[in-house]
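Read off the chains here:
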Amino acid sequence: MRWGLEDVDVRRGRNVALAGVTVPADPSRITVVIGGDGAGKSTCLEALTGLLEPAAGAVYRPAKERIGYVPATAGLYADLTVQENLGFSADAYRLSGRERSRKAAEILDRTGLSGARRRLGGQLSGGMQRKLAVGLALLHSPELLVLDEPTTGVDPVSRVELWRLIGQAAAAGTAVVVTTTYVNEAARAATVILLEAGKVLASGTPDDILSGVPGAVGRAAGAGRPTPLSWRRGRSWRVWAPAGRLPDGVQPVQPDFDDAVVIAALAGEGG
Amino acid sequence: MWAMVVKEFRELRRDHRTVAMMIVLPVVLLVVFGYAANFKVHDIPTAVFGPGARQAAALLRPPTFRVTQVDTAAGESAARVQLRDGQAVVAVVTGGGGPLVLLDGTQLFSVETAETALASAVPTAAPGSPSPREQILFNPDLTTSWVMVPGLAGLILVFIGTLITSLGVVRERQSGTLEQLAVMPFRAWDVIAGKIAPYLMVAAVDLVLVIVIGMSVFHVPFAGNVAVFALGAALFLLVTLGMGVLISTVSQNQGQAIQLAFMILLPQVLLSGLIFPVSSMAAGVRWISYILPLTYFIQISRGVMLKAVPISALGEPLGLLAVLAVVVLGLAVIRFRRDLAPAGRTKQARAVARAGEPAAA
Amino acid sequence: MAALAEARGASRRFGAFTAVSGADLAVTRGEVVGLLGANGAGKTTLVRLLLGLLRPSDGAVLLFGAAPSVSSRRRVGYVPQTLGLYAGLTVAENWAFTATAFGNSGAPVAAGIAAWRNELAGSLPLGVQRQVAFAVALSHHPELLILDEPTSGVGPLRGARLWDDIRQSADQGAGVLVTTHNMEEAEQCDRLVVMAGGRVVARGTAAEIIGDRTVAQVRCDDTTRAFALLDAGHLPVQAHGTTLRVGAPAAAVSGLLARGGVDATIEVVPANLEEAFVAMVAGQEAA
Numbered sequence: 031m032r033w034g035l036e037d038v039d040v041r042r043g044r045n046v047a048l049a050g051v052t053v054p055a056d057p058s059r060i061t062v063v064i065g066g067d068g069a070g071k072s073t074c075l076e077a078l079t080g081l082l083e084p085a086a087g088a089v090y091r092p093a094k095e096r097i098g099y100v101p102a103t104a105g106l107y108a109d110l111t112v113q114e115n116l117g118f119s120a121d122a123y124r125l126s127g128r129e130r131s132r133k134a135a136e137i138l139d140r141t142g143l144s145g146a147r148r149r150l151g152g153q154l155s156g157g158m159q160r161k162l163a164v165g166l167a168l169l170h171s172p173e174l175l176v177l178d179e180p181t182t183g184v185d186p187v188s189r190v191e192l193w194r195l196i197g198q199a200a201a202a203g204t205a206v207v208v209t210t211t212y213v214n215e216a217a218r219a220a221t222v223i224l225l226e227a228g229k230v231l232a233s234g235t236p237d238d239i240l241s242g243v244p245g246a247v248g249r250a251a252g253a254g255r256p257t258p259l260s261w262r263r264g265r266s267w268r269v270w271a272p273a274g275r276l277p278d279g280v281q282p283v284q285p286d287f288d289d290a291v292v293i294a295a296l297a298g299e300g301g
Numbered sequence: 004m005w006a007m008v009v010k011e012f013r014e015l016r017r018d019h020r021t022v023a024m025m026i027v028l029p030v031v032l033l034v035v036f037g038y039a040a041n042f043k044v045h046d047i048p049t050a051v052f053g054p055g056a057r058q059a060a061a062l063l064r065p066p067t068f069r070v071t072q073v074d075t076a077a078g079e080s081a082a083r084v085q086l087r088d089g090q091a092v093v094a095v096v097t098g099g100g101g102p103l104v105l106l107d108g109t110q111l112f113s114v115e116t117a118e119t120a121l122a123s124a125v126p127t128a129a130p131g132s133p134s135p136r137e138q139i140l141f142n143p144d145l146t147t148s149w150v151m152v153p154g155l156a157g158l159i160l161v162f163i164g165t166l167i168t169s170l171g172v173v174r175e176r177q178s179g180t181l182e183q184l185a186v187m188p189f190r191a192w193d194v195i196a197g198k199i200a201p202y203l204m205v206a207a208v209d210l211v212l213v214i215v216i217g218m219s220v221f222h223v224p225f226a227g228n229v230a231v232f233a234l235g236a237a238l239f240l241l242v243t244l245g246m247g248v249l250i251s252t253v254s255q256n257q258g259q260a261i262q263l264a265f266m267i268l269l270p271q272v273l274l275s276g277l278i279f280p281v282s283s284m285a286a287g288v289r290w291i292s293y294i295l296p297l298t299y300f301i302q303i304s305r306g307v308m309l310k311a312v313p314i315s316a317l318g319e320p321l322g323l324l325a326v327l328a329v330v331v332l333g334l335a336v337i338r339f340r341r342d343l344a345p346a347g348r349t350k351q352a353r354a355v356a357r358a359g360e361p362a363a364a
Numbered sequence: 109m110a111a112l113a114e115a116r117g118a119s120r121r122f123g124a125f126t127a128v129s130g131a132d133l134a135v136t137r138g139e140v141v142g143l144l145g146a147n148g149a150g151k152t153t154l155v156r157l158l159l160g161l162l163r164p165s166d167g168a169v170l171l172f173g174a175a176p177s178v179s180s181r182r183r184v185g186y187v188p189q190t191l192g193l194y195a196g197l198t199v200a201e202n203w204a205f206t207a208t209a210f211g212n213s214g215a216p217v218a219a220g221i222a223a224w225r226n227e228l229a230g231s232l233p234l235g236v237q238r239q240v241a242f243a244v245a246l247s248h249h250p251e252l253l254i255l256d257e258p259t260s261g262v263g264p265l266r267g268a269r270l271w272d273d274i275r276q277s278a279d280q281g282a283g284v285l286v287t288t289h290n291m292e293e294a295e296q297c298d299r300l301v302v303m304a305g306g307r308v309v310a311r312g313t314a315a316e317i318i319g320d321r322t323v324a325q326v327r328c329d330d331t332t333r334a335f336a337l338l339d340a341g342h343l344p345v346q347a348h349g350t351t352l353r354v355g356a357p358a359a360a361v362s363g364l365l366a367r368g369g370v371d372a373t374i375e376v377v378p379a380n381l382e383e384a385f386v387a388m389v390a391g392q393e394a395a
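Protein chains in written order, with this note's numbering: chain A, 31 to 301; chain B, 4 to 364; chain C, 109 to 395.
Chain A on its own, in the form it takes in the complex (with noise of 0.2 Å):
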């Protein structure tokens, strides 16, 4: 891996938020962390970014110049308008002058804030503020692109916008490591990590994942929960026999992306 956590322990206090935690991220491609709340998956991003040093384990990353970041609030100014948000972010990284209006030209053509350069970042909707949070992230051309929770509570249209401002980015050679919570998220990475409790419990192309599903999965219906290691899917429940034998009056199923990282998390829980 070219950038990315290897086997990092973190500890805050007392308490361990990562155990052995490995997250590579690599030029041209998206990695995924997905995790509940509280399952380290901020702590991940800061130990990439150096905001906090490990415990044990390595760190690979690019000098700060060369790393963009959004954390999971905010990202931008609100008391500064769009363009001078940009401006800020161009000082920051010392983008000369013709580099500094070519790149926020085509910042705010992609993320579609062209028309509202003048409008305070606080008066931007909630998408909008994202899209420019992850613009300004990209405006020095960063080789690693870092991003907390990015589409947590943004609506769809900007939520898929931001996915291809994110897609552009790989396109364009940048390493990118988002966090996420939703699971549909996960699908789109060409790494995915499932992270609980601070712990890696799969990890892989969402494919490996999915193939990696031990036992056999079967839907059933009804209304008390056929097994303990079993969930709700809309109306029926989704049944997991780890060792292979479906109980009677369960119809054996092919096991999607969502049914792999609920068996995971479930098989992490156990261990």
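Just so you know, the hints here were simulated from the structure itself, not pulled from any lab data.
Hints should not be assumed to be uniformly reliable.
Stated by the list, open to error - Straight line, CA to CA, 30 Å or less: simulated DSS-like cross-link-like pairs of lysine-lysine:
| no. | chain 1 | residue 1 | chain 2 | residue 2 |
| --- | --- | --- | --- | --- |
| 1 | A | 133 | A | 94 |
| 2 | A | 133 | B | 198 |
| 3 | A | 94 | B | 198 |
These numbers come from a predicted model, not from an experiment.
Based on these hints, arrange chains B and C on the given structure of chain A.
Just chains B and C now, with coordinates in the frame of chain A:
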């Protein structure tokens, strides 16, 4: 509804900062007021000069007067210097032409107390002899605004320095942009200096404004050296701004910052000598004023504006402000850096890879 | 079956701004209905109309068969996005507050959350907070539940567990209305009502809403180059693991790729809910 009342109490119980403000603060204020607030002054530092010094000194009795110096050889000029430099508040010059009492007009309550005491002391001790001549220096009409304006200048600086600076930094933390700054190619010092500089400039402008208004509207004099005043103001600002940054490092949001700033501001208003003279505070409370930066700035501002005190006599307040500035700013920078950069590097971890080098896999 | 909550051609205007226009919606017992739309689509206003917090400018709104009132609101359990828990109080104290407010003081804390009864609500992880908020909303046995993005942000396993709880209350006879802009939550609902720009633009199951929309799925060795080509050609392309999905006719896609010298297999596959939703909303905005 009763449910609301119970809930509100339960929430309040856990909000320690608010509870501190609601219970601890009134208690502290009461104690402070009780011991500090004293318009009647004791222990007025008094110097006595001239041939009849010893006899005069005998008349100046405690608790009102505290004779600090008896010097038969020195005369009026020495007395004026003592008053100017703040060594004494009352100076009695005996000798040719009858005794002359010089009073420091910047110490309003001390002068009032001293005049009353003298008015009764002299006729008692030497009935029939003429009342000594009195001269009030520096603030002959005992104009309150002349004494308050230099003090208020300091108060305003404290306000801006501490409260507004802390809000500015906390706002960054609250909005999450602080994290981002840490990852950008800034050094911790860039961020700190960049954050403080605008407030420094605004505070400086404010100070000039207050002084100019004081001089034009209230006719407060500016008798001393502008450069000395500027030096004192600069040091003082560094301390208050540093305190603002420190407050921001222990506050998660603007509400908390305001509460903390308020709790730090209030003692300074009451105990810095702005209203109640420091010398009249009970010893148990007076030590607090000695650690407040505003106390020293008021000494400098009143001294320079009203008494034209030279820098040589301001060594103590200037020096202490400098020390405070170093300590407070130093602490603020250390704490702030922790927010902006990881603490130290451990043996096992290594951050590698400049652009172009593949990482060892 | 009588609807628990119903909107018939409901509209709501604020001055010149129309927040909701001609909305039809019904929630009956035992079902989970998803109200899907972006922020500003009118979901919140519609919910406020159903709860009687706002009066409709046009049309009718019924709560338990009559105009909404304070007493009928008592039969509703509502969990907003912000959960409505007091962070500075323990779970037991939060429970006590709600129970007392609904005239149910002294009710014991629900078994499912009893383990955390003495924990400060604010100190619990988000998934547990949502569980607690849900249990608290259920504490007065409402017949209608309105949940705002109930599983947003909690991750796959916790989210699944929360849905267990939500489905259980539907099984026990409550009607559940979930407002969301999250496709995963939407797919868990029995049927969806899709809003955009204050109007209901689609209704039905997820499959019905997708209809026969398709996308072109691209598999190739060099997805990076393929993405760049398609993007430069202004086709809406999204990276999807090792494939690309393009919301454009297969012919256009293969043409661009062939001209760029990229060897790829292109398959026409059904769109997913997100793609259908975005297409619908974009169409709405263009209209």
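**Message:** For a C-alpha distance cap of 30 Å, please report whether residue 133 (chain A) and residue 94 (chain A) respect it.
**Reply:** Distance of about 19 Å is within 30 Å: holds.
Q: For the pair supplied as a hint, residue 133 (chain A) and residue 198 (chain B), confirm whether the alpha-carbon distance does not exceed 30 Å.
A: holds (27 Å)
- Between residue 94 (chain A) and residue 198 (chain B), is the straight-line Cα distance small enough, at 30 Å or below? holds (21 Å)
Comparing the model with each numbered hint stated earlier shows that all of them hold.
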